[in-house]
Every structure is written in structure tokens, then in C-alpha cells.
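Residue numbers (my numbering), protein chains in the order written: chain A, 2 to 322; chain B, -14 to 377; chain C, 12 to 304.
Fair warning: there could be bad hints in the mix.
[Said to hold, decoys possible] Which bits of chain C does chain A cover? Going by a derived footprint, with three or more residues having C-beta under 8 Å, they are:
#, stretch
1, 89 to 99
2, 103 to 109
3, 280 to 290
Hints listed in this document are in silico derivations from the structure and should not be mistaken for laboratory results. Every value quoted in this text rests on a predicted model; they were computed, and no experiment measured them. The beta carbon of each residue, even a glycine, is placed where N, CA and C say it ideally should be.
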Amino acid sequence: MLRLFSRRNVMAAGVVFFALLPFFANPYVLFIGNLALMYILLSVGLNMLLGYAGQLAFAHAALFGVGAYTTGLLKLELGLHYGLALVAGVGLATVTGLAVALPALRLRGLYLALATVAFAQATLWVFTHWNSVTYGGAGFRVPPLDFEPFTSRPDIGVYVLTFVIVLVSVPLGWNMLRSRVGRAWVAIRESEVAAESLGIDITRYKSIAYVVSAMYAGAAGGLFAGMLGIVTPESFDLFQVIVHFCMVIVGGLGSLWGGVLGAVGLVGLQEVLRAFRHLQEIAFGGLILFTVLVIPGGAVSLLKRYVPGWKEPLRRTEHDE
Amino acid sequence: MKRSPFAAGTAAAVLAAAWMHAVPASAETGVTDDTIKIGALGVLTGPNAKFGDTIYNGVEAVYKEANATGGIHGRMIEYVREDDRCQASEAVGAVKKLIHQHEVFMIHGGACSNASLAAKPEIVAADVPWVITASTASSLTDPVHPRIFTTMLAGWMESYAQVQYAIDLGMERIAIVAQHDNWGRSRYDPLIEAFKLHGIEPVADEEIAPDPTDGTPQALRLQAAQADAVILILFPKAAAVILRDAYKIGYKPFLIGGSTVGDVGVFANNVGIPGAADKLHAVSTIGYTADDPAMAEWKAKVEAAFPNDTFNIYHMFGIASGQFVVEALKRAGRDLTRESVSQAMNDLSVETDPYAGPITCTPTDHQCHNNAAWFGLVDGVTKRVGVTAVTR
Amino acid sequence: MFAYLIASGISTGALYAMVAIGLVLVYRSTGHINFSHGELFMFGGFIAYTCFVILGMPYFVSLVVAVIGGFALGVLCDRTVYRPLIKAPALTMVLATVGFSFLIKGVARFFWGAREGGDYVAFPAAVDPSPIPVGGIMVFPQQLLVLGGAFFFVVVFTIFFRRTRWGKMMQATAENATAAYLSGIRVERVYTMTWGTGACIASAAAVLMAPLTLLSPDVGFNLLLRAFAATVLGGLGSMPGAIIGGFLVGIIESLAGGYIHTGLQEVSAFIIIIVVLVFRPAGLFGIRRLRET
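With the hints as extra help, turn the sequences into a complete structure.
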């Protein structure tokens, strides 16, 4: 009976749900759905770097921002087609990711954390201060998108685009994690020395982790710029990093599907938290603490334990079961 | 687990009842025979909540009074708030929720400018009237949109007024110290524009973090530039640090503050050094201080309605804006539609209790408030020292 | 101008050093960085505000209450965050302390956030607020108090580490926890003590700083970044390094702001962190430790 709720079925139901959403949802619900899909991308990318490769890097929100700024600015300044601008956004975010990776490869653990926190803050400072390019603290409006031959409603257009990208890139990521690359990441996470002695090229696989994760972040950023129609620096501050981390943690660190659940769950939760008013920070901090302390494997670890059909390879060994 | 037919039947009945109930008696969304639903969009939590939640408490105090005296043509105002956390991303969700989920008649609110700018296309698309309470970006109401009005001074107005004030005082060497976050930017850019219009250059242009521990480098540089007037684009935290450190190094220029330090007396108290704020004049959106006897009645009403609040200038923004909207709703009459209330506001002048001049909207100008009041310390007491009607 | 910049650099640097001491203390004995350290600092300030302004106690008493309160909060952090996760990887600990920091920030905002109509409260001067001449320049008596306070705490803690039983146990645990455990030291109690001590120095720093600025629930993060810069500059894990690093960060900020551009005052700390970690991860004084490992 419980097989009904196996991962495969739940994910299939999710795909059907998100595919049908534009047909019955009001614009508000559709927007929230779009936000959830975008966060899935972000969370999958972050999970690769954080959960699988074990790199404690805080640069993700900055890369997300680079994707959003690049996409938005190309659309605004050059009138580039949104699709092309998005590709360019992914490209620049990837290059930035690589640029972060090069020095970051020398750093481990807390040193890496500190350096990337500083990098995130410095990027934010550039977003607010480089007026001639980023329009400073006030940000800029992205010209309205046009999906004309397909639909007259831009919000549905962005939604469908996001949906398609998620539908392609999440399984791609899943395959990558089950390949040599994913196994190498987990080996590095568990012990760099052991990984090296197995003949794993640490520099190479760590760089791949940074680059792939930056690609996901860049794509999410470009979609974010498109769906909001405005790019402002405060969307990429450290609070956002924490939100992204929270998705991965609550869903399940080192579990791709956990990250997906976490993204959807947290977007839902944020909507519910609107009602909490002055207690939001408390609820948010409390949720992270509660998850880390009580269910360290995240929501997905509970599913793995109690619901058949949720097992996956490369799971973290420390906290599971 | 099978769902029993009984449960399904009940659910259907409840749904049907809910659906029947949801059909509005009036043709207009958000208006029924005895209620008008108005939505507020803005920051309700975190460090900026004063620009949203506190202001809406002021608005709601006015609405409560209107309701207590029989409502507006027999209808009670219902005021629902949605949090945008001062984030563009949250604002889009919040405004969609107000429009499509709560199905409000109009929107009365708007705090952080970036968030409001993100929400604007949604509001325009849904054709919902919108009265802005605190967002200062001029692009919200300029060019004029038939549904959008603001009762707040635009960011550029404060900046223009500051430069004009310095020149009127006969100051020749004018300098700037600003925080360059998004709030500061929205005032800094028009400030530079105003300098250009007057054909002068700031003698120094310094920057400070919004949350600094030290302002000595800034104070020293301003002193070295021999500025005789310094325009502050600062929140109280940074302003207090600058005032203290300027005083410390014995540098006493004329200080021209913005509305964030508009209650000069309260701010001087925060600075805590006798004499440090003596040469500070600050522009303000409102015409009175929070402890002015003219405000005593509202102070009592707000504090009765919201026992956790201490009455302050942000409530006063809300009260002024609330009085304007209530008057517009009255003018629109019993046949309330989005069109009729927009028409009413389109040509309306209302004297409010907290502002120094009337809130006046005209068909060509929906920036309905332009009376900046100036405050300074006179014998240790905050006094209004002038009113400027700002034009561009 | 130079004298003023150095003077203000030293007084802010003293604050950074005090915050950094707590950070390093915890890092040395547990190997973790407490990301909620900035919020512990902030909370100490608000405890003192409650005593000093709301309850009308004398400044010195408020300082003592805040130090004790800070200690209690540090212990709470140890019990709720560190102890249960003692074997968890660094990542989990970082996230847990980040979660804890949000929690206390939210609590602070709930109680004190909207008190005076803004998100900040004014902390009245503890001593005469008018500046006095010292060596040809004017300084606030409070700045001297900050400097004196920092000096006092550094001396007290040096004595504590060198001379007292608890201090020696903390040193031993930091060097080698297993060996310390085997020689009969109750390592867990030492950890509790460490978290508490770190937080109480941060509280003291907040109480000293508060009269110079306004106090808000958001001050913690900025101070934490400065303290990061100080510890990184001094070599992560070195106590004298953190103190010197704190003063250096303060002075660099002040000089860069005064002589180059005031915008640099805000970003100096990030630049220091990135440059040091990329080019000299062991920090300025980390040569010895690097050779050891």
C-alpha cells in the first residue's frame, strides 16, 4: 500500500501537478509555483556542491545574483531575446563559479566558509555600488517578456520555461550524481586523502562541482529576473543564502530528491510564515535548528526510513538510519 | 484509504456553501453591501517594519474610527496586510495574493520602493486603485497612471528641498554624507541632480555604512573640505555616529537632515551629547512632532488600538494617508467602483491632521503631497522652522 | 588628521579584538566557528540596555549583569547547539549556529525592536558624553572606557589562562581534547565554560560600544564579519593574533576611509578576509602553527 508513495510516484505526481498548474491556478498560486520550480533548480545545484562534494561555500547567492543581473541587463541594454540572455546569464555565472573555484580549491572547511562569506558580501557591495552597470541600490526593471506565438501571458510563458528547464536539468543532475562524477564527489566529501589515494583527481572534480552548481544557480537567477521583472541587490544578500541552505538542509543534505522536496516545502512555508509577522526570524531559525538537531538527515531521511521506495545511492552515512 | 461518500458529500456541500457565500452582493470586487476590503502591501517584519506595519497601524486607526462612526455609506472597511519583507521577490507574491486570493477592492500601502516597483506591473494589469503610503520612488506615480496615487513625499523632493534649503541659508560650501544602500541611493541620485540644476558642486561627497561603529574618517574629510553645510542622507544610526564624531573633532557645520531624523528632538536625544544637534535642521513629511498637542487625540487612539505601539511619526504618515482615502471613498458615493474612487481621488484636496499642507491630487499630478516641513531645535525644543512646497 | 584616524581606529579595533577573542576561544577548543557570535554580542548589549535604561540600574551593574547574561546565553548555545552536535561535521555546526543566530535576533527584535519607534534604541552615555583632550586630540571618555575595558579583559583572561585551574584545563583541552580527557579533565564542562566565556567577553564589548552608536538587533552580523577579518588576519586560532588583528582591522578601516575613500571603510573587512585567505591562509602570525601541522 505504502509503495503508492514511493519516490517515483510522488515525483511523477509532482510533475503532473506542476504541468497542470497553469490550467487551474490563479496568478498568485502560479507565481508561487514558479518560485518553487526555480528554487528546485537552485537547491539541486547547491546540494551538489554542499551535500555531495561537501564544500562549505556561501557563494551561491552571489552566483544566483550574477545570473539574474546578466540576464536582466542584456535584455534591458541590448534588447537581447530572453532565451539568449538567459543562456548568457548561465554562462557568466558559470565563469564566475570557476573564478571562485580557483582560489577556493586551496581552502577547506571553515576557511572556505569565511572566504566565501566575504566573497558574497563583496559581490553584494559591487551590485549596490557599480552604478554605471548595475543601476546601484535601486536595481532596474527588466523589459516585459514576450512569448507571443505561444502565449499572450508572460507569467505563463516564464512558468512553462522554468518547468521545462527543471524537467530537463534535474534528471540530468540525477544521472550525473550516479555517474563517476557523483561518486568522486562523495569520496572527496568523506575523505580527501582517501579519495586521492583512489586516484581521484581532486582539483578536477571539485572544479566540476563548482562549475555545475554555478550553472544551476545562474539558470535560476536568469529565470528569477524574468519572472519578477525587476532585479535589485537585496534579493541576493546573505539572508537568501540562508534560505537556500535551509532548503537543502530541511529537505536532506546529500540527497537530490530531498533538496527538491525542501525547495517546494520551504516556498510553501514562506507563504504560510507571512502570517507569523514578528515571529518570522524566530520560526526560521528554529526550523533550521530543529532540523539539524532532531532530523539531521532532513525530511527525506524520514521518508527513507518509513516509506518504501525512497532509497537512493550515495546517501550520507553519518546520520541516516 | 477510501474516502467515504458521506465525507465527499459534506465536502461538496461546504464548497458549495463557500462558493455561494463568496459571490459578492455588489458587482465590484472587494465591495459587498456592508464591507469594503482594502489590502496593504509592505514590510511587516524586520528592521524596516516601521515603514510598513507601523504606518498601517496609523491607517487602521483612521479606518477604525470611520467604522465606529457608521462606516462609509454604511460599509465597514476591512484592512488586510501582506508582508513583502522589503524584497522585490516577496512583493510580487504578496500583491498577487492581495489581488487574486483576498480579492481586495483597492490597495493602500507600499513601503520599500524596490518592492513597490516590483509590485506595480501586477497592480496596473489588474486595474486596482493604489494609494502609496511610504514608497518614495517617483517612477511609481510619474508618468501619471489613472489608478496610482501617493501621499508620501517622493525621494527626490527631500533631496531637492535639502539643496534648496542650504542655498537659501546662504551656504556656499555644501557637502554630502550618504549611506549608499538602496534607500540612500534613491535620494543620493536626485541630490546630485539638484546640485547640477543649481550649477554647483558638492565640496565633499562622503559615504558611510548604514550600521557604522565609527564616523571619524568622514567627519575629518568633511572638515578638511571646509564645508559649511553638510547634507545628510542617513538613517538615524549612521547620522548619530556622524554627528558625534564631527562634534568630537570640533567641526560644527550646519547640518541638513532628511525625514529619517525629522523628529530632531528625539534624534538629538538619541545622539546624547548636549549641543551636538544644535545646528541640525531636518526636512520632514509631516508637519508636527509626535508629542505635539495637536496630535494628542490621535496618539490616544493609536495607542488604544495598538497597545504595543508607542505613537511616533510613522503612525502619522498612516493617519494622513488614511484620512485622504476615507475622504475619497466618501466622495465616490454608495455606488462604489474602482473607477469611481479613482475619479474621486483624481481631483481631490484633503486637509489632514498630521501634514503641514493639504494632500492634493490633480489629473496631471498624482504625487499628491509636496509640503515638506523643516524642524530644528529652538531652545532645546523641536520647532517647525519652515515649510517648503517642493517643485521640480 | 592622522592622529584622529589612528585614535578612532584603535578604539573600534579594541571592540573588534574583544569580539574576536570569543570567536577564537571557541574555535581553539572546539574547532568550530560560532556564526551566532555576533548575535550573542548584540544580545548582551540589549541585556545591558534593559538594566540601564528600563530598570535604571547603574552602568557598571548593567555591565556585570550583561556579562553574566552573556555567559548564560553562551552556555545555552553550548547545550542546545554544540553538545548535541559534537560529532557532526563542520557544515552541520555552521548551519546550526546560523539557525541559532536567527533565533536570538528574532527574540531581540520581538522584545526591543520596536521600542522607540525605530529598529534601534539609544543607549545613553555612561560617562560624561562631552569630548576631552588627550595628547593633542579630542576623544570621547567612552572611547577611553572601551580601550580600558578591552585592556582589562585581555589582562584578566591572560591571568585566567595562565594562572587558574580552569584556564589551564581550557588550554589543555584546546591542545588535545583526548589527552585532556584521559588526564581527568571533564572536557564537556570545559566546553561549556568556553562557550560561556566567549559570549561574556562579546557582551562586555557590546556594553562598551553601545553608548558610541545606537543599538539595533542587526548590529551583530557586521561585528561578526569584522571579527572574522581580525581572526583571519591574525591566523585562525591564535589568541594574540586575534587581538592584534582586531586592532589592525580597526586601523586599516579608519586609514583607508580617511585617506583613500570613505566607501572603503565598509568593505575593508571583506577585502582583508579574501586577500589573506587566498594569499596567506595562515594569517600574519600563523607561521608557527602552519609548520606544526
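Here's how the hints hold up against the structure:
no.: 1; hint: 89 to 99; result: holds (count 5)
no.: 2; hint: 103 to 109; result: holds (count 5)
no.: 3; hint: 280 to 290; result: holds (count 7)
The earlier numbered hints are all upheld by this structure, with none contradicted.
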